[in-house]
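Peer 1: Same order as they appear, the protein sequences are chains A and B.
The first sequence finishes on residue 280 if you use our numbering, and the numbering steps up by one all the way, no holes.
The second sequence finishes on residue 244 if you use our numbering, and the numbering steps up by one all the way, no holes.
If you're looking for bench data, these hints aren't it; they were derived computationally from the structure.
Glycine included, each C-beta is placed from N, C-alpha and C at the ideal position.
Errors might be hidden in some of the hints.
What the hints assert, rightly or not - To give an idea of the interface, some chain A residues facing chain B are shown, with a C-beta separation under 8 Å as derived from the structure:
1. Phe-110
2. Arg-112
3. Glu-115
4. Leu-175
5. Val-181
6. Tyr-182
7. Leu-184
8. Leu-187
9. Arg-191
10. Val-193
11. Pro-196
12. Arg-269
Stated by the list, open to error - A few chain B residues that face chain A, going by a derived Cβ cut-off under 8 Å, partial list only:
13. Phe-23
14. Trp-174
15. Glu-215
16. Val-218
To be verified - Here are the computed lysine-lysine pairs in the DSSO-like style, where the Cα-Cα straight-line distance is at most 30 Å:
17. Lys-113/A x Lys-65/A
18. Lys-174/A x Lys-105/B
19. Lys-102/B x Lys-174/A
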Amino acid sequence: MTATVETPVRSGAAPVEERAVAPARRRRSRTGPLRYLSLLGLLAVWQVATWAGWTSPDTLPGPAKVASAAWDLWSSGALVDALGVSLQRVLIGTAIGLVAGLGLGLLSGFSRKAELVVDAPVQAFRAVPFTALVPLFILWFGVDETPKVAIVAVGVAFPVYINTFAGIRDVDSKLVDVARVYRLSRLQIARRVLLPGALPSLLVGLRFALTLAWIAVIVAEQLNASAGIGFLLTQARQFLQADVMVVCIALYATLGLLTDLLVRAVERRVLVWRQAYSGN
Amino acid sequence: MSTRVPAPRTSEGVVVEHVTKSFGESRVLTDLSLRLAPGSFTAVLGRSGCGKSTLLRLLAGLDGDYVGTVRAGGDVAVAFQEPRLWPWARVESNVAVGLQGKDVKDRARAALAEVGLADKARSWPLTLSGGQAQRASLARALVREPSVLLLDEPFGALDALTRLSMHHLVLDLWRRHAPTVLLVTHDVDEALALADRVLVLDRGQVSFDAEVPEERAVRAESLGIAALRRRLLEALHVRPAKER
Ligand SMILES: Nc1ncnc2c1ncn2[C@@H]1O[C@H](COP(=O)(O)OP(=O)(O)O)[C@@H](O)[C@H]1O
Ligand SMILES: [Mg+2]
Chain A
1 MTATVETPVR SGAAPVEERA VAPARRRRSR TGPLRYLSLL GLLAVWQVAT WAGWTSPDTL
61 PGPAKVASAA WDLWSSGALV DALGVSLQRV LIGTAIGLVA GLGLGLLSGF SRKAELVVDA
121 PVQAFRAVPF TALVPLFILW FGVDETPKVA IVAVGVAFPV YINTFAGIRD VDSKLVDVAR
181 VYRLSRLQIA RRVLLPGALP SLLVGLRFAL TLAWIAVIVA EQLNASAGIG FLLTQARQFL
241 QADVMVVCIA LYATLGLLTD LLVRAVERRV LVWRQAYSGN
Chain B
1 MSTRVPAPRT SEGVVVEHVT KSFGESRVLT DLSLRLAPGS FTAVLGRSGC GKSTLLRLLA
61 GLDGDYVGTV RAGGDVAVAF QEPRLWPWAR VESNVAVGLQ GKDVKDRARA ALAEVGLADK
121 ARSWPLTLSG GQAQRASLAR ALVREPSVLL LDEPFGALDA LTRLSMHHLV LDLWRRHAPT
181 VLLVTHDVDE ALALADRVLV LDRGQVSFDA EVPEERAVRA ESLGIAALRR RLLEALHVRP
241 AKER
């Protein structure tokens, strides 16, 4: 190229061009500890309320009492057993629901014909609170693991399906045009444009799905189970052990938080290209 | 009843015959006919909304919903009006989209270097400025050796100096590989500096069509160009300023 003009391009000092957006520094790491300060404050208020006698130890035991109950459950192995059982149900159910939701979502996202078959029934059933299916599943699948895993799978499949499908359909058709001009095959378009374009929405669906997975497992375990955290909770109700109930609830909170952190970590890895957004 | 026939590289250039294109009730192109000689460089001017981008979409084969015949031979490369980079792919992968062969990455980097973005090859598109993104999109079109090159206001977001150097790049590619070039622009002077032929699109039809006289190098001082410029502005309904 023999430009007669000294181009400012290489120096990066083009005067009229707007400035590039600097990738936003993540604020998470700095606010991280602060976020949980208010939680600690809440615990302190709770303990004070207990000491002051504002709450009855029979209905809401204080943090210290709950902690000691947790320690007892932990050292007896009951907590670990229950956790193991519930975790296994969640994992298997989530795996099945994820495969089903993702598979159907991709199918009806990519193909209008598949959409005709799949989407209408799914949209019709999404309004049903999936927990309403528990009695029916017990009737169908008996009282062993199957109905519990199945209810988790259903709870997971719907949000994953809906967000995968919507994610694919929301991909900007202008970006697909590029692939069409340069003669990419349908499969390449699916892999290189539609799937990455749908990924943010898909991960939102996954996060939502995992929350529902924990709800599903506790509902199933409360209605009919001989092990698991939900079972522990039901037992505590029968023996009026408020401290054990609170332990179970705290455990759910922790598990929910951990799953959320897990998905966020996945998000940060696979959506690196979006980091430029997160500052705004 | 649209027909779209791929033509061999040097035979036909671009042919548009009696094309009518509507969006619902509103008609954008009306019985439009147009021939671009193979290897020619044509600029299209026209008010915004007159159907320039629509015409380019038809030529690129992105919209088959029209009446008439469109033939654009061989490989088509397009620089769209907006950069349209895939945000999830690095800049160099965006440029290399659809390229075949072993040296794809090298070619993509070379093209990026030519538009002054050598250091952005591994960047994510969302971190580019508007002008940088537009240059990356131009690199994606120029890295190919297409038989038809469609450019839809590709210099819009660039400052005046960068724009000049991008002009040189496009002319360079055109001289080396002789693609049939159709450049949409709203800048009369840009059209007169780059093209051999200028068209004005108005109400869905070609309302003005003229060859540009003189060698490119001497156009800036040419009287013939000044006269053509006046006629063009007239065709675009731009009134000259009143003398005081
Ligand atoms: N997909 C579409 N659906 C409906 N109307 C459209 C569509 N694309 C373009 N148009 C209309 O067609 C006309 C021409 O648009 P366009 O070709 O983009 O104009 P321009 O000459 O500015 O590139 C405009 O009135 C626009 O609103
Ligand atoms: Mg346009």
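Peer 1: Hints first: check each against the structure and report whether it holds.
Peer 2: Taking the hints in turn, this is what the structure says about them:
no.	hint	result
1	Phe-110	17 Å, violated
2	Arg-112	16 Å, violated
3	Glu-115	21 Å, violated
4	Leu-175	6 Å, holds
5	Val-181	5 Å, holds
6	Tyr-182	3 Å, holds
7	Leu-184	6 Å, holds
8	Leu-187	14 Å, violated
9	Arg-191	12 Å, violated
10	Val-193	7 Å, holds
11	Pro-196	4 Å, holds
12	Arg-269	13 Å, violated
13	Phe-23	15 Å, violated
14	Trp-174	13 Å, violated
15	Glu-215	15 Å, violated
16	Val-218	14 Å, violated
17	Lys-113/A x Lys-65/A	59 Å, violated
18	Lys-174/A x Lys-105/B	24 Å, holds
19	Lys-102/B x Lys-174/A	28 Å, holds
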